[in-house]
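Peer 1: Each step along the sequence shown adds one to the number in our numbering, with nothing skipped, and position 53 is 53.
Take the hints with a grain of salt, since some may be wrong.
[Stated by the list, open to error] Pairwise CB distance ranges, derived in the manner of DEER restraints:
hint	residue 1	residue 2	range
1	V146	P30	30 to 36 Å
2	I69	Q111	43 to 49 Å
3	L98	K31	14 to 20 Å
Calculated directly from the structure, the hints in this document are not laboratory data.
It should be emphasised that the depicted structure is a prediction, and the values quoted were computed from it without experimental measurement.
We put the beta carbon where it would ideally sit given N, CA and C, even for glycine.
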Amino acid sequence: MGLPGQGVQVCICDISMPDISGLELLSQLPKGMAIIMLSVHDSPALVEQALNAGARGFLSKRCSPDELIAAVRTVATGGCYLTPDIAMKLAAGRQDPLTKRERQVAEKLAQGMAVKEIATELGLSPKTVHVHRANLMEKLDVSNDVALARRLFDGW
Numbered sequence: 001m002g003l004p005g006q007g008v009q010v011c012i013c014d015i016s017m018p019d020i021s022g023l024e025l026l027s028q029l030p031k032g033m034a035i036i037m038l039s040v041h042d043s044p045a046l047v048e049q050a051l052n053a054g055a056r057g058f059l060s061k062r063c064s065p066d067e068l069i070a071a072v073r074t075v076a077t078g079g080c081y082l083t084p085d086i087a088m089k090l091a092a093g094r095q096d097p098l099t100k101r102e103r104q105v106a107e108k109l110a111q112g113m114a115v116k117e118i119a120t121e122l123g124l125s126p127k128t129v130h131v132h133r134a135n136l137m138e139k140l141d142v143s144n145d146v147a148l149a150r151r152l153f154d155g156w
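Kindly produce the complete structure, drawing on both the sequences and the hints.
Peer 2: Structure representation (structure tokens):
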């Protein structure tokens, strides 16, 4: 896969693209290229995934033009760049955001168990399991069951 232009040092890549995820694209770009991920989703789990996949910067699409320029300059010279709000979320995300019960429900969901099965096994009502599932979706910054399953499978 070639990129147009010569001497490209920095690639700015969206996480959500129509044909390929930005995280998948990271593995296809040339080694040594400085990559900045750009997204409306800036949950700590997503930022960590991008950084672990090789991104050297992560910006919210709400960033200012000055932040974008600063990020490009920083990663082009070998540094890493996170906006202060993303850095704060990442630091806060280091503390486990899930309660013990949410973690138990998450593990059962990741194993493919149905809500009724989880309720029976954990001694909860199905409604309580649904509440924990909704809390998981909010805390893990996902909006549907497929995204939740993917996030849980990836180790949130």
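Peer 1: Each hint: holds or not?
Peer 2: Here is how each hint holds up against the structure:
{"no.": "1", "hint": "V146 to P30: 30 to 36 Å", "verdict": "holds, 32 Å"}
{"no.": "2", "hint": "I69 to Q111: 43 to 49 Å", "verdict": "holds, 46 Å"}
{"no.": "3", "hint": "L98 to K31: 14 to 20 Å", "verdict": "violated, 35 Å"}
When each numbered hint is compared with the structure, a violation occurs for hint 3 only.
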